[in-house]
Amino acid sequence: MLRAIAGLARPAKGRIALGDDTWFDAARRVFRQPDERSVGLVFQEYALFPHLSVRQNVAFGGGARADEYLERFHISHLADARPAVLSGGERQRVALARALARDPGVLLLDEPLSSLDAQTKALVRVELQELLRDFELPVILVTHDFDDAAALAGQVGVLIDGTLRQLATPQELVSQPADTFVAALTGANLLRGIARRETDELAAIDLQGGERIYSTDPGQGEVGVVVYPWDVTVARVRHADSALNVIAGEIRSVARVGSRVRVQIGPITAEVTAASADHLELARGGTAFASFKATGTRLVPFA
Amino acid sequence: MRRVALALGLFVAVAVSLGFLLLPIVALFTRQPPSELVHQLSNPVVTEALVVSVKTSAVAQALIVLLGTPTAYLIASRRFFGRSLAITLVELPLVLPPAVAGIGLLVAFGRVGVLGSTFDALGVNVAFNQAAVVLAVAFVASPLYVRQAIASFEAVDENLIAASRTLGAGPVRTFFRVVLPLCAGGLAAGGALSLARGLGEFGATIMFAGSLQGVTQTLPLAIYAQFDRNFDIAVTISALFVILTAAILLSLKVSSLWPASRQTSRSLFAHLSSS
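Going line by line, the protein sequences match chains A and B.
Using the working numbering, you'd call the opening residue of the first sequence number 1 and step up by one each time.
Using the working numbering, you'd call the opening residue of the second sequence number 1 and step up by one each time.
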């Protein structure tokens with residue numbers, strides 16, 4: 001998709017325009033060459049020119065303000081270095097500076113964080129966040145990691161098999177996923193069941209595993225049930241509280257993810273703090289109760 | 001015991017094969033005392049052959065580079081109808097016997113050849129003069145350059161070309177600012193090979209250009225001509241040839257020691273060393 005916007009690939013149909021400036025129109029046979037489009041494209045593996053210095057790279061698209069951009073990206077000290085000796089984070093800064101030095105109309109970022117190791121990634125993500133705030137131009141970022149998208153983007157579009165499933169803010173994607181695909185992408189629990197209306201406010205869902213849960217969403221027939229791991233509370237004994245939904249099950253797995261622990265209880269995965277996990281003595285093979293509120297249970301059409 | 005026998009056997013095999021390659025070359029220089037060798041270099045047969053060789057090879061090489069480079073780039077960068085045929089055609093002179101190439105050139109460009117009457121009308125005579133030598137040399141040596149050029153161009157990371165285009169450089173600027181610098185090493189290697197091959201061309205040259213001393217008699221042709229007349233001169237020219245070719249190969253080795261521009265695009269896990 002980014003290549004099509006940049007003019008490196010030619011779609012079969014459609015229209016690409018920046019404001020009033022049409023770059024591609026299949027119907028009217030308009031096709032602007034990439035060098036005639038005002039884009040800044042940062043490639044996944046940066047595509048820095050290995051035979052040029054950092055300054056020469058940044059100045060490639062029209063060099064008057066190269067030094068200014070070197071300053072701005074904190075890479076002035078690397079001006080005469082060759083790309084081969086730079087670290088991943090440094091290369092990304094050069095690639096960004098190079099793309100932006102041209103003053104493009106739109107910035108295209110292709111998986112900007114995926115060629116970095118885990119440690120660098122976290123740091124660079126923060127840098128990128130600040131950067132994107134500073135520059136006032138439209139940015140289109142492509143990533144397969146929802147967390148990255150949520151951290152960096154104002155609007156997120158979910159593309160699966162070439163179709164746009166949903167276009168919304170990250171919060172809306174989490175709270176109101178359009179379908180099971182979007183829900184799976186955002187890291188939710190996805191259960192399957194048959195729903196019917198229980199009361200005016202509640203729908204009852206009979207899950208595949210036989211449990212009965214409730215949701216404040218309307219639903220009928222075959223549905224996908226979306227519950228986020230961090231909305232699930234874990235207990236070793238059944239106790240009464242406001243949560244309508246309780247699933248009892250065997251602890252299938254306990255996995256530490258940073259400072260949090262993901263526990264799979266029966267069909268559902270809960271996320272708790274490491275301290276809680278230790279306190280509750282959560283371990284494989286034991287039994288536990290996963291409870292979550294009907295208000296936190298989303299129903300989506302099962303595609 | 002077996003290991004010693006094996007090691008010995010290997011050593012003998014290597015010694016024999018290297019010796020086989022080295023002996024004829026060394027013998028060229030040891031047959032006469034060096035002073036005699038140097039004295040004979042001033043013989044007009046030698047000097048005129050050297051001039052013809054250098055002139056014609058230089059012109060041929062220039063033609064090969066000027067015409068071969070765009071051809072190679074086109075073949076390397078585009079998939080077009082008939083591409084495999086074009087590649088085969090470009091590589092054909094490599095496997096064609098030089099004598100066959102010579103006859104082919106005669107029937108194409110000679111006075112009684114396919115284009116002969118056209119050339120005649122234009123007042124151009126192509127066969128049996130230095131132009132003929134240039135054509136013969138270019139014909140047999142071009143595949144060595146073009147093949148290498150195609151390989152070099154194909155090895156350029158497509159993303160670099162794409163990056164250059166998105167940064168506002170058109171196809172021509174991209175070629176000169178990105179592709180050419182990155183391929184310089186490969187192209188130089190191809191050029192050196194084609195130059196060495198062209199200098200040594202015999203069959204096609206003698207067929208198409210004849211062996212006229214001072215006009216079309218290149219170094220290899222001179223060796224052949226002097227072979228039964230003045231053997232010592234033949235040896236001298238051969239020795240000179242070895243030095244020339246060695247010089248070309250050496251310059252190639254030296255140029256390949258220059259820092260190569262490594263592809264830096266592919267780095268899956270780059271670590272942060274400084275922020």
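Think of the hints as simulated: they come from the structure by calculation, not from any bench.
All C-beta atoms in this analysis are idealised placements derived from N, C-alpha and C, irrespective of residue type, glycine included.
Hints may be right or wrong, so weigh each one.
[To be verified] Cβ-Cβ distance ranges computed for the label pairs, FRET-style:
no.: 1; chain 1: A; residue 1: Arg-29; chain 2: B; residue 2: Thr-71; range: 24 to 32 Å
no.: 2; chain 1: A; residue 1: Ser-76; chain 2: B; residue 2: Arg-83; range: 45 to 53 Å
no.: 3; chain 1: B; residue 1: Pro-70; chain 2: A; residue 2: Pro-11; range: 54 to 62 Å
no.: 4; chain 1: B; residue 1: Thr-245; chain 2: A; residue 2: Gly-62; range: 53 to 61 Å
no.: 5; chain 1: A; residue 1: Arg-29; chain 2: B; residue 2: Leu-92; range: 51 to 59 Å
no.: 6; chain 1: A; residue 1: Gln-33; chain 2: B; residue 2: Glu-154; range: 21 to 29 Å
no.: 7; chain 1: B; residue 1: Val-54; chain 2: A; residue 2: Gly-62; range: 53 to 61 Å
no.: 8; chain 1: B; residue 1: Pro-70; chain 2: A; residue 2: Ala-27; range: 30 to 38 Å
no.: 9; chain 1: B; residue 1: Leu-89; chain 2: A; residue 2: Gly-154; range: 55 to 63 Å
no.: 10; chain 1: B; residue 1: Ile-103; chain 2: A; residue 2: Gln-33; range: 44 to 52 Å
no.: 11; chain 1: B; residue 1: Thr-71; chain 2: A; residue 2: Pro-11; range: 56 to 64 Å
no.: 12; chain 1: A; residue 1: Ala-151; chain 2: B; residue 2: Arg-83; range: 54 to 62 Å
no.: 13; chain 1: B; residue 1: Arg-83; chain 2: A; residue 2: Leu-164; range: 52 to 60 Å
Each hint, compared with the structure:
1. Hint check: A:Arg-29 to B:Thr-71, Cβ distance near 31 Å, so the stated range 24 to 32 Å holds.
2. For the pair A:Ser-76 and B:Arg-83, the beta carbons lie near 46 Å from each other, so the given range of 45 to 53 Å is met.
3. Our hint of 54 to 62 Å for B:Pro-70 and A:Pro-11 is violated, since their Cβ atoms are close to 30 Å apart.
4. A C-beta distance of roughly 47 Å is found between B:Thr-245 and A:Gly-62, which places it outside the suggested range of 53 to 61 Å.
5. About 40 Å separates the C-beta atoms of A:Arg-29 and B:Leu-92, a value inconsistent with the hinted range of 51 to 59 Å.
6. In this structure, A:Gln-33 and B:Glu-154 meet the distance hint of 21 to 29 Å, their C-beta atoms being roughly 23 Å apart.
7. Taking the beta carbon of each, B:Val-54 and A:Gly-62 are about 45 Å apart, not inside 53 to 61 Å as hinted.
8. For B:Pro-70 and A:Ala-27, the hinted distance range of 30 to 38 Å is satisfied, since their beta carbons lie about 36 Å from each other.
9. Roughly 56 Å separates the CB atoms of B:Leu-89 and A:Gly-154, a value that falls within the hinted 55 to 63 Å.
10. Under the hint 44 to 52 Å, the C-beta atoms of B:Ile-103 and A:Gln-33, about 47 Å apart, fit the expected range.
11. One distance hint, 56 to 64 Å for the beta-carbon pair B:Thr-71 and A:Pro-11, is violated here, with the actual separation near 32 Å.
12. With their beta carbons about 46 Å apart, A:Ala-151 and B:Arg-83 fall outside the hinted range of 54 to 62 Å.
13. Separated by about 38 Å at the C-beta atoms, B:Arg-83 and A:Leu-164 break the suggested range of 52 to 60 Å.
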